[in-house]
Amino acid sequence: MGDFNHGHIQWTSLQSTGREDQEFLNLVQDSFLSQHVLEATRGENVLDIVLSSQKEFVDNVKICEPWGVVITTRYILSSK
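full-length UniProt numbering numbers the first residue of the sequence shown as 1 and each following residue consecutively.
Among the clues, some could well be false.
[As the list claims (entries may be wrong)] Label-pair distances were calculated between CB atoms; the ranges are:
#	residue 1	residue 2	range
1	E20	N60	27 to 35 angstroms
2	N60	R19	27 to 35 angstroms
3	Q54	S13	31 to 39 angstroms
4	H8	L33	13 to 21 angstroms
5	R42	S13	13 to 21 angstroms
6	T17	N60	28 to 36 angstroms
Derived by calculation from the structure, the hints in this document are not laboratory data.
The beta carbon of each residue, even a glycine, is placed where N, CA and C say it ideally should be.
Construct the entire structure; sequences and hints are all you get.
Below you can see the structure in the form of structure tokens.
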């Protein structure tokens, strides 16, 4: 989880417009990672993301109200 600042990636369609954004998206896809945050975390952008090696590991992602300049994200991690 973290603030990756790749605001030009459209995570629902797995497309991007910037070179650095496309390189990061390629890295995520080449590493077979799933990105779980699908709603905007800053303005209209998804900047704070949660990556996992299996979709089942992360559930119930919720973007909470900002606390000052801090964005809070809640999610459930599980291992099998």
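Worksheet item: Between Q54 and S13, does the beta-carbon spacing fit 31 to 39 angstroms?
Response: violated (21 angstroms)
Worksheet item: Is the gap between the beta carbons of H8 and L33 within 13 to 21 angstroms?
Response: holds (18 angstroms)
Item to complete: Just tell me: holds or violated, for the beta carbon distance of R42 and S13 against 13 to 21 angstroms?
Response: holds (19 angstroms)
Worksheet item: Should the hint that E20 and N60 are 27 to 35 angstroms apart at their CB atoms be regarded as holding?
Response: holds (30 angstroms)
Worksheet item: Honestly, do N60 and R19 meet the 27 to 35 angstroms range at C-beta?
Response: holds (34 angstroms)
Worksheet item: Do the Cβ positions of T17 and N60 conform to the proposed distance bound of 28 to 36 angstroms?
Response: holds (30 angstroms)
Checked against the numbered hints above, the structure violates only hint 3.
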